[in-house]
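Chain A is already provided as a structure; the job is to place chain B on it using the hints.
Each protein sequence line maps, in turn, to chains A and B.
At position 212 of the first sequence the residue is numbered 212 (the numbering used here), and the sequence of numbers has no breaks.
At position 67 of the second sequence the residue is numbered 67 (the numbering used here), and the sequence of numbers has no breaks.
Some hints could be false.
What the hints assert, rightly or not - Cβ pair distances, simulated, as ranges: (1) B:S48 / A:P362: 31 to 37 angstroms; (2) B:E30 / A:N347: 49 to 55 angstroms; (3) A:L363 / B:P24: 50 to 56 angstroms; (4) A:D115 / B:H52: 22 to 28 angstroms; (5) B:E30 / A:Y65: 38 to 44 angstroms; (6) A:Y65 / B:A57: 15 to 21 angstroms; (7) B:E30 / A:T89: 43 to 49 angstroms; (8) B:D42 / A:P362: 36 to 42 angstroms.
Hints listed in this document are in silico derivations from the structure and should not be mistaken for laboratory results.
None of these values were measured; they are calculated from a predicted model.
Even for Gly, the Cβ is constructed at its ideal location relative to N, Cα and C.
Each chain is listed here by its residues.
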Amino acid sequence: MARTFLCLLALATLSWLSCGHAAVLPEDRADALYHRYDGGGVTIDGPSLLVRKQVAKNVSVAANYYVDSISSASIDVVTTASAYSEKRTEMSVGADYLYNSTIFSTGYKNSDESDYTANSAYFGVSQDLFGALTNISMSYARGWDDVSRTGDSEFSEDVERHSYRLGISQILTRNLLMGMTLETITDEGFLNNPYRSVRYLDPDSERGYSYQAEIYPNTRTSTAVSVRGRYRLPYRAALHSEYRFFDDTWGIAAHTGELGYTQPVWGRWMLDLSYRYYTQTAADFYSDLFSREDAQNYMARDKELSDFDSHTLGIGVSYEILPEGWRFFEKGNLSVRYNYIYFDYENFRDLRDDGNAPGTEPLYNFSANVVQFFFSVWF
Amino acid sequence: MKRCVATAVVLALIGLSGCSNVEPWVKPYERDRLADPIMFFDRDPVSSAYTHHVYEAREGARGGLGSSGGGCGCN
Numbered sequence: 001m002a003r004t005f006l007c008l009l010a011l012a013t014l015s016w017l018s019c020g021h022a023a024v025l026p027e028d029r030a031d032a033l034y035h036r037y038d039g040g041g042v043t044i045d046g047p048s049l050l051v052r053k054q055v056a057k058n059v060s061v062a063a064n065y066y067v068d069s070i071s072s073a074s075i076d077v078v079t080t081a082s083a084y085s086e087k088r089t090e091m092s093v094g095a096d097y098l099y100n101s102t103i104f105s106t107g108y109k110n111s112d113e114s115d116y117t118a119n120s121a122y123f124g125v126s127q128d129l130f131g132a133l134t135n136i137s138m139s140y141a142r143g144w145d146d147v148s149r150t151g152d153s154e155f156s157e158d159v160e161r162h163s164y165r166l167g168i169s170q171i172l173t174r175n176l177l178m179g180m181t182l183e184t185i186t187d188e189g190f191l192n193n194p195y196r197s198v199r200y201l202d203p204d205s206e207r208g209y210s211y212q213a214e215i216y217p218n219t220r221t222s223t224a225v226s227v228r229g230r231y232r233l234p235y236r237a238a239l240h241s242e243y244r245f246f247d248d249t250w251g252i253a254a255h256t257g258e259l260g261y262t263q264p265v266w267g268r269w270m271l272d273l274s275y276r277y278y279t280q281t282a283a284d285f286y287s288d289l290f291s292r293e294d295a296q297n298y299m300a301r302d303k304e305l306s307d308f309d310s311h312t313l314g315i316g317v318s319y320e321i322l323p324e325g326w327r328f329f330e331k332g333n334l335s336v337r338y339n340y341i342y343f344d345y346e347n348f349r350d351l352r353d354d355g356n357a358p359g360t361e362p363l364y365n366f367s368a369n370v371v372q373f374f375f376s377v378w379f
Numbered sequence: 001m002k003r004c005v006a007t008a009v010v011l012a013l014i015g016l017s018g019c020s021n022v023e024p025w026v027k028p029y030e031r032d033r034l035a036d037p038i039m040f041f042d043r044d045p046v047s048s049a050y051t052h053h054v055y056e057a058r059e060g061a062r063g064g065l066g067s068s069g070g071g072c073g074c075n
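Excised from the complex, chain A in its bound form (with noise of 0.2 angstroms):
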């Protein structure tokens, strides 16, 4: 299926050289960006570097750093394991190849912690069409991921991944664009946590309870189809929303929906508002409490793999520090964006109170706050 893909990308590229429309290379900006999230016992942060450059004529280049340093002491890591503190850094870089109007794009990225090292690629092909209304995209990515568990040095397992992304951008009039991406993604390998358990009833045990660890398949297939659009105002604000169908072969099925406001404000600052709407259902195998050990051959609960929603709310400021440009750069922003997440599960107990039956927990909910710092030029 994949050569057929390929083959397919192969001919929609040879198909798209002949025409004669301009396209463009991104611009040439670098990025750095402080991230901070804390939520649900969890600490993140760390830096992301991003440079982008155009360094031929029909040739840009990409590079980003970036650093998770994690704490943990979530829900999961209370009443399972103990906190710990980790760190993932993550490596890319990309190429984008301009001819005539098509763009070429190719990369790699590498992410690295001390027991899961994650590689992918990925080759894309882009065309603007129909005079520059339409622009059509397609990508494929391969992944491969290798799987340790401290402590046990006999423990290591992979994982192959494979991605097909197909897009579509139009300009529908002087005011309104909207995009279009479908998405397939297929995993093979060792997909759950290797520290992660399931709870079963057990009268043997005094809370009424026992751990065993979790069991996953080794295959998934997902499909996500998502449409966008953005409308400008009549005065200078620019309205826009999101809308996500995502379903997968372990019976998740989400719907993800956003609404946001663009404001240029005072001449030289933005203004961003935004609200975003999740929700999905449990995967088929997830329980939060399985009636007997062993009780099928595959067992969750991990409350990813919940039923749940997600409510967030979000606020950006940019402010133009550089308006009419200093030295060799044309311009620079410095930015900050405050998210607030409350995730509210709908069968993942709290497990954290020792005076409910087993089964009669509380809900488990929690709130998030997500900060980003950053620091835009563009030359």
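Leaving out everything else, chain B in the frame of chain A:
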């Protein structure tokens, strides 16, 4: 996957027909509003990549989000 391949076929056919002279109904000189950064699908890639990572790490859903390329087509 079948949906992916079907869409790829459609895109290839659109590509083959894209060389015909379709008259743009929004002319290049009418795209000044769309060229404004407030109309960019992905105004700050470093920020949107981080935001997607925050969600993907905590949700069962994945993929399909983010810019699908293109822009105002006015350069």
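Going through the hints against the structure:
1. B:S48 / A:P362: 31 to 37 angstroms: About 35 angstroms separates the Cβ atoms of B:S48 and A:P362, which means 31 to 37 angstroms holds.
2. B:E30 / A:N347: 49 to 55 angstroms: For B:E30 and A:N347 the Cβ distance comes to about 52 angstroms; the hint holds.
3. A:L363 / B:P24: 50 to 56 angstroms: holds, 54 angstroms
4. A:D115 / B:H52: 22 to 28 angstroms: Given about 23 angstroms between the Cβ atoms, the range holds.
5. B:E30 / A:Y65: 38 to 44 angstroms: holds, 40 angstroms
6. A:Y65 / B:A57: 15 to 21 angstroms: holds, 19 angstroms
7. B:E30 / A:T89: 43 to 49 angstroms: Between B:E30 and A:T89, where Cβ atoms are some 46 angstroms apart, the hint holds.
8. B:D42 / A:P362: 36 to 42 angstroms: With a Cβ separation near 40 angstroms, B:D42 and A:P362 satisfy 36 to 42 angstroms, so the hint holds.
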